[in-house]
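There are 2 protein chains.
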Amino acid sequence: MTAENGARLVADPHNPSGEDSLIARYFKPLATDPGALGLVDDAAVLASSGEDIVVTTDAVVEGVHYLATDPPDTIARKALRVNLSDLAAKGATPAGFVLTLALRSKEDSWLRPFADALGEDVRTFACPLLGGDTVSTPGPQMISITAFGRVPKGRMVGRTGARPGDLVFVTGTIGDAALGLDVLTGGVTADVLKGDRIAQDYLLDRYRVPRPRNALAAAVLAHASAAMDVSDGLAGDLAKLCAASGVSASVEVHRVPLSQAAAAAVSAVGLEKLVSGGDDYEILCAVPEAHCDDFARGADQAGVPVTAIGTVVAGLQAPRWTDAQGREVVLNRLSYSHF
Amino acid sequence: MTAENGARLVADPHNPSGEDSLIARYFKPLATDPGALGLVDDAAVLASSGEDIVVTTDAVVEGVHYLATDPPDTIARKALRVNLSDLAAKGATPAGFVLTLALRSKEDSWLRPFADALGEDVRTFACPLLGGDTVSTPGPQMISITAFGRVPKGRMVGRTGARPGDLVFVTGTIGDAALGLDVLTGGVTADVLKGDRIAQDYLLDRYRVPRPRNALAAAVLAHASAAMDVSDGLAGDLAKLCAASGVSASVEVHRVPLSQAAAAAVSAVGLEKLVSGGDDYEILCAVPEAHCDDFARGADQAGVPVTAIGTVVAGLQAPRWTDAQGREVVLNRLSYSHF
Numbered sequence: 001m002t003a004e005n006g007a008r009l010v011a012d013p014h015n016p017s018g019e020d021s022l023i024a025r026y027f028k029p030l031a032t033d034p035g036a037l038g039l040v041d042d043a044a045v046l047a048s049s050g051e052d053i054v055v056t057t058d059a060v061v062e063g064v065h066y067l068a069t070d071p072p073d074t075i076a077r078k079a080l081r082v083n084l085s086d087l088a089a090k091g092a093t094p095a096g097f098v099l100t101l102a103l104r105s106k107e108d109s110w111l112r113p114f115a116d117a118l119g120e121d122v123r124t125f126a127c128p129l130l131g132g133d134t135v136s137t138p139g140p141q142m143i144s145i146t147a148f149g150r151v152p153k154g155r156m157v158g159r160t161g162a163r164p165g166d167l168v169f170v171t172g173t174i175g176d177a178a179l180g181l182d183v184l185t186g187g188v189t190a191d192v193l194k195g196d197r198i199a200q201d202y203l204l205d206r207y208r209v210p211r212p213r214n215a216l217a218a219a220v221l222a223h224a225s226a227a228m229d230v231s232d233g234l235a236g237d238l239a240k241l242c243a244a245s246g247v248s249a250s251v252e253v254h255r256v257p258l259s260q261a262a263a264a265a266v267s268a269v270g271l272e273k274l275v276s277g278g279d280d281y282e283i284l285c286a287v288p289e290a291h292c293d294d295f296a297r298g299a300d301q302a303g304v305p306v307t308a309i310g311t312v313v314a315g316l317q318a319p320r321w322t323d324a325q326g327r328e329v330v331l332n333r334l335s336y337s338h339f
Numbered sequence: 001m002t003a004e005n006g007a008r009l010v011a012d013p014h015n016p017s018g019e020d021s022l023i024a025r026y027f028k029p030l031a032t033d034p035g036a037l038g039l040v041d042d043a044a045v046l047a048s049s050g051e052d053i054v055v056t057t058d059a060v061v062e063g064v065h066y067l068a069t070d071p072p073d074t075i076a077r078k079a080l081r082v083n084l085s086d087l088a089a090k091g092a093t094p095a096g097f098v099l100t101l102a103l104r105s106k107e108d109s110w111l112r113p114f115a116d117a118l119g120e121d122v123r124t125f126a127c128p129l130l131g132g133d134t135v136s137t138p139g140p141q142m143i144s145i146t147a148f149g150r151v152p153k154g155r156m157v158g159r160t161g162a163r164p165g166d167l168v169f170v171t172g173t174i175g176d177a178a179l180g181l182d183v184l185t186g187g188v189t190a191d192v193l194k195g196d197r198i199a200q201d202y203l204l205d206r207y208r209v210p211r212p213r214n215a216l217a218a219a220v221l222a223h224a225s226a227a228m229d230v231s232d233g234l235a236g237d238l239a240k241l242c243a244a245s246g247v248s249a250s251v252e253v254h255r256v257p258l259s260q261a262a263a264a265a266v267s268a269v270g271l272e273k274l275v276s277g278g279d280d281y282e283i284l285c286a287v288p289e290a291h292c293d294d295f296a297r298g299a300d301q302a303g304v305p306v307t308a309i310g311t312v313v314a315g316l317q318a319p320r321w322t323d324a325q326g327r328e329v330v331l332n333r334l335s336y337s338h339f
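Protein chains in written order, with full-length UniProt numbering: chain A, 1 to 339; chain V, 1 to 339.
Chain A extracted, bound-state conformation:
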């Protein structure tokens, strides 16, 4: 135990070879926003011209959310992108993030690819680093990110606005990440897709590197009555969205969009794994019928595939899942429980 409080991501001009400065040097190129003050202060400035700042925070822990052997560049991307995904689902434009790194050691072989990959995402998503904190830990490494976005005042897309009659949309495809983890851990999916290296790699990549739907944020902001990102499993997340809105939903299982790889595996692993597995980082949203055409057009322009999978209905019961024949599909496991 020490008496100190962590080393900010602050470059120390008096001691450029000090540990703090070394770490800050990795991350300084990512601090492109004037509000980051070039990482020479211990606070950052987030300017606002009267719009709301959307705040989201999400942490990943070695051995829990990623493997110690995962490449540092994928860990960096995942840590930032799970937060970007939340901003997208809230209709927010990324404004920046702060980073807390709990490290066992400061090896260049880990920090360099980590910082480089994070820097690429900073540019791709226009979400600059504003500041951070590095702490040493004797335990598993951990990366905690708090990200900020901007929305017009009072316009953040919440979870509570879904109304009966709204259509339920999801972006992209569902279940890929869960199958990717199954491949990684030598589960059924690995057997089913044995010999199909491309499908396996696709699923693995989907598990390791989320593809947040920030391109859709403007359409979500303009048209969705409620939205969230799918991180803990589609079925459970839909139940949460409905509960927050005081509504229920009727969802058709066969409409849930699957990738080619997932379609090839679904009969062996079961649909439940796909809709409860989590880590999708797609957007789930409710869109009033009158807005559906415009929403679809906006999604098309953004290059984001969207699929209507059901309808919001009145009631407080859990969402009802049915198959192509209208029979109820009972899902025993809605989402991953944490402890």
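These are calculated hints, taken from the structure and not from any lab test. Since this is a predicted model, take the numbers as computed values, not measurements. Any given hint could turn out to be false.
Coverage of chain A stretches by chain V, computed from C-beta distances (three or more under 8 Å per stretch; other residues unrestricted) [as the list claims (entries may be wrong)]:
#, segment
1, 54–67
2, 90–101
3, 136–143
Backbone N, C-alpha and C define an ideal beta-carbon position, used for all residues, glycine too.
On the provided structure of chain A, position chain V as indicated by the hints.
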């Protein structure tokens, strides 16, 4: 390893007895700001009427920044207050915070006093919880907080504005926390103060529970040319502030304010321990001479003792410390280095 991404501090109305909801329940009373959305969303809203949002982030790790045996209420207070201290030094008014908790287990005997103490500080400092994330970890527990404050546009007090002729002020007393840790670990201070339980307890408390100087924020905002909080040791932090401002300083060691307990121990432990020990969470600031009277008056009104310990001078060399006879005092260890 699991496929999921952590459990937001989000209450799930469909599953009020679920683990997520249990955790959210501890913290819901702390989410008093409308922007927290009652912890039913995975993002929060920080409203702004055009003022700047000041962002700071700081993490504490079990076994590094606190002992596993430390009372949960002191851990909670420390985790929040180290961030509040940064806001104070930037002249910012607290606006809220997000909390990431990496826990090994969710024992009521730990979470209850942790959440209760955090709740008291939320009220004391008018800094509501806006949201958060809980993750499980097999390793040491960790608490990461990102806190927000408000300042008028463009007015955050940085590190770069100190100018030759400014006076260097510190609040309160310096070195108490370092001595408190020394007491805790059975160091020299424990010997020197043997029999003086009151002094020992005072120092221990100063180590465990920072007393952030948020009452001084308005005076800092109005009068300081540069400021930071003293977290890594006065000597090192002053060097950082000077370096960021492109100036040096001349400091008189005997002017550094000491508590009675520290004064009793200083000859045995050495002044260097006090000015390099860190964890003070006092404010260090430079104040232009024309502002000094008003600053002192503001501090007096805020009930925060301030002491001028030296002067900002031109030059890029490290600050010069002298004793009452004007002889240079060489400090070998400016502050704690992290790795």
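Outcome of the hint check:
Three residues within the 8 Å Cβ limit are the bar, and the segment 54–67 of chain A against chain V gives 13, so the coverage statement holds. Check result for the segment 90–101 of chain A against chain V: holds, 5 residues qualifying (beta carbon to beta carbon below 8 Å, three or more required). With 6 residues having a beta carbon nearer than 8 Å to a beta carbon of chain V, the segment 136–143 of chain A meets the requirement of three or more and the stated coverage holds.
In the structure shown, no violation is registered for any of the earlier numbered hints.
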